[in-house]
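Given the coordinates of chain A, work out where chain B should sit on it, guided by the hints.
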Amino acid sequence: MRIALRLLPGLWLALLVAAPLILVGVMALSWQAVGIPPYEPPWRGQGINPDNLRLLLEDPHYRASLIQSLTTAAATAALCLLLAAPMGVAIARAGRLRNALLAAVLLPFWTGFLIRLGAWIGLLRDEGWINAALRALGLTEAPIPLLYTQGALLVGMVHAYLPFAVLPVFAAATRLDPVLEQAAADLGATPGRAFLTVTLPQLFPALAAAFLLVFIPAAGEYVIPELLGPPEATLVGRVVFQEFFQNRDWPVAAALAVALLALLLGPILLFQRLGRAGP
Amino acid sequence: MTPGWVRAALWAGLAFLWLPVLLLVTYAFSASPIPFRWGGFSLRWFAALAANDRLLEAAWLSLRIAAGAATLAVPLGGAVGWVLARHGPFAGRAVLGALAGAPLVLPEVVTGLSLLLLFVALESATGWPAGRGAGTVLLAHATLGAAYVAVIVQSRLAAGEQELEEAAWDLGASPAAAFATVTLPLMAPSLAAGWLLAFTLSLDDVVLASFTSGPSGTTLPVALFSMLRLGMTPEVNALAALLLAGAAAILALAGLLLRKRD
Chain A
98 MRIALRLLPG
108 LWLALLVAAP
118 LILVGVMALS
128 WQAVGIPPYE
138 PPWRGQGINP
148 DNLRLLLEDP
158 HYRASLIQSL
168 TTAAATAALC
178 LLLAAPMGVA
188 IARAGRLRNA
198 LLAAVLLPFW
208 TGFLIRLGAW
218 IGLLRDEGWI
228 NAALRALGLT
238 EAPIPLLYTQ
248 GALLVGMVHA
258 YLPFAVLPVF
268 AAATRLDPVL
278 EQAAADLGAT
288 PGRAFLTVTL
298 PQLFPALAAA
308 FLLVFIPAAG
318 EYVIPELLGP
328 PEATLVGRVV
338 FQEFFQNRDW
348 PVAAALAVAL
358 LALLLGPILL
368 FQRLGRAGP
Chain B
6 MTPGWVRAAL
16 WAGLAFLWLP
26 VLLLVTYAFS
36 ASPIPFRWGG
46 FSLRWFAALA
56 ANDRLLEAAW
66 LSLRIAAGAA
76 TLAVPLGGAV
86 GWVLARHGPF
96 AGRAVLGALA
106 GAPLVLPEVV
116 TGLSLLLLFV
126 ALESATGWPA
136 GRGAGTVLLA
146 HATLGAAYVA
156 VIVQSRLAAG
166 EQELEEAAWD
176 LGASPAAAFA
186 TVTLPLMAPS
196 LAAGWLLAFT
206 LSLDDVVLAS
216 FTSGPSGTTL
226 PVALFSMLRL
236 GMTPEVNALA
246 ALLLAGAAAI
256 LALAGLLLRK
266 RD
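Which chain is which? The protein sequence lines are A and B, in order.
Counting from 98, one number per residue, gives the positions in the first sequence under my numbering.
Counting from 6, one number per residue, gives the positions in the second sequence under my numbering.
For reference, chain A alone in the conformation it holds in the complex:
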């Protein structure tokens, strides 16, 4: 009975998690072909195809896409931290308001990801709220293009991922010992200085976890760049969709997925290590 309880979910995970990932690896070494499905696996005569992975290194388009994904994810994570660090601490110290504030951070997160992106489209488009306000104030006559820009992409990413970053900071901040900050104050530190030199350093593992918790999914993001970003924001998630659905080049799409995984492996392992070190 105990063995069966291990085996059954184990089989499910083997079939729906492990096997699919192996298939992605195989696909990255396969050949594009005309047909349904549009590929030839290595064992059907042609052998292993090394070109897909080599293409990623040599073709500037794919290389740029991978680099852009990492820089966008890093910028998103850094901006999220800038807000999440003070937010998490302030919520942890809010006393009776704590649960209500935490719910206020999480509730927009539960309204639906696409709805919130829709809200940003409504704010940023040419006939949207921000342009209407700017025109009403006489600051501009022609609408300023805000939607489909790098800025819109970052705003949308930060909005989507901010709650992820607040949670670990909040959890760590609730366990801080207030005595240390009091000691800093007794020794003459202003509250701002005590926060920066005493509170934040104690939160470092949580801040690192928060950064990675945003960085890892943001690096593969597809929907936000597609809806808010400029056409030239060809993040890897977008290129995977393009190669897979439009160019029907499954092997190259799989090779991109492999490359993304390889780039994220370090951050993922680091994140899991931080998780184990924590509570």
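For the record, the hints were derived by calculation from the structure and aren't laboratory data.
If you're wondering where the values come from, they're calculated on a predicted model, not measured in any experiment.
For each residue, glycine too, the CB sits at the ideal point set by N, CA and C.
Hints should not be assumed to be uniformly reliable.
To spell it out: a stretch of chain A is covered by chain B in this simulated footprint if at least three of its residues, at any positions, have a beta carbon under 8 Å from a beta carbon of chain B; those stretches are [stated by the list, open to error]:
id : region
1  : 146-159
2  : 194-201
3  : 325-339
4  : 352-365
Here are a few chain A residues that sit away from chain B, every Cβ distance over 12 Å (derived from the structure) [as the list claims (entries may be wrong)]:
id : residue
5  : W128
6  : Q165
7  : G185
8  : T237
9  : I241
10 : G248
11 : E278
12 : A305
Just chain B now, kept in the frame of chain A:
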């Protein structure tokens, strides 16, 4: 003690999170969709939404997929979480833990692509699944949901006391009876929270559904995504108002469940 700017940052962050959504919801009730021009209270966008058959069909499909996926995810993820927390060391434990955790950290595009490749390979090898649709989306969402349920259950059980089960055994309960009368009630709140989480994850997912659904499996997020690509319509505002109300209800329910636990 907390510096003023830290508190100011909290309110700024909350405003940043809330204002776009609140604007959207408020204008769901305005007859005019133009910014700053309140056209009077109106439910016309809700009526338009109710007449949009494509969207309603997608919403109904999404609800069924989400309920099915969450219901499948709970026993699977619950079993994994329980095994990881209570079975001690056994051969394959590390592999099981890594596989259960993988969907949580893998980028969605990788998970989506990998599941599609699995379904394609299975179809050419066994004839099942014949094409892709609601069923394959459900399996994909159940897999993702199970990973979340496993984490929640595992941390709940790891924080709790094995002594309770040991006491039950000492008092003569069979392992099955101890599981049913001690462990399961201990797990129940995390199973319920996990079901809700798996349900909302499924209702919110675009990427996995895009990969694993065929033409017959257009879920609400996928339909919304293609609407938003073409620009906003005020019907989306009305939908946002409804979803926000739904999310508030679910969060209140989850809060009640968690409060019971404490």
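Hints, one by one, checked against the model:
Residue count for the region 146-159 of chain A with a Cβ under 8 Å from a Cβ of chain B: 0. That is fewer than the three needed, and the coverage hint is violated. Under a criterion of three residues with beta carbons nearer than 8 Å to beta carbons of chain B, the stated coverage of the region 194-201 of chain A is upheld, 4 such residues being counted. Counting residues of the region 325-339 of chain A whose beta-carbon sits less than 8 Å from any beta-carbon of chain B gives 4, enough to reach three: the coverage restraint holds. With 5 residues having a beta carbon nearer than 8 Å to a beta carbon of chain B, the region 352-365 of chain A meets the requirement of three or more and the stated coverage holds.
The Cβ of W128 (chain A) sits about 15 Å from the closest Cβ of chain B, beyond the 12 Å cut-off, so the non-interface label holds. Distance check for Q165 (chain A) against chain B: the nearest CB is about 15 Å away, which clears 12 Å, and the non-interface claim stands. Residue-level check failed: G185 (chain A) sits 9 Å from the nearest beta carbon of chain B, not beyond 12 Å. Residue placement check: T237 (chain A) keeps its beta carbon more than 12 Å from all beta carbons of chain B (closest about 14 Å).
Look at I241 (chain A): its CB is around 14 Å from the nearest CB on chain B, clear of 12 Å, so calling it non-interface holds up. Every C-beta of chain B lies more than 12 Å from that of G248 (chain A), the closest at about 14 Å, which supports listing it as non-interface. A cut-off of 12 Å between C-beta atoms contradicts the statement that E278 (chain A) is not in contact with chain B; the least separation is 6 Å. With a minimum CB-CB distance of about 15 Å to chain B, A305 (chain A) clears the 12 Å threshold, and the non-interface call stands.
Violated hints, listed in ascending order, are 1, 7 and 11; each of the other numbered hints is respected by the structure.
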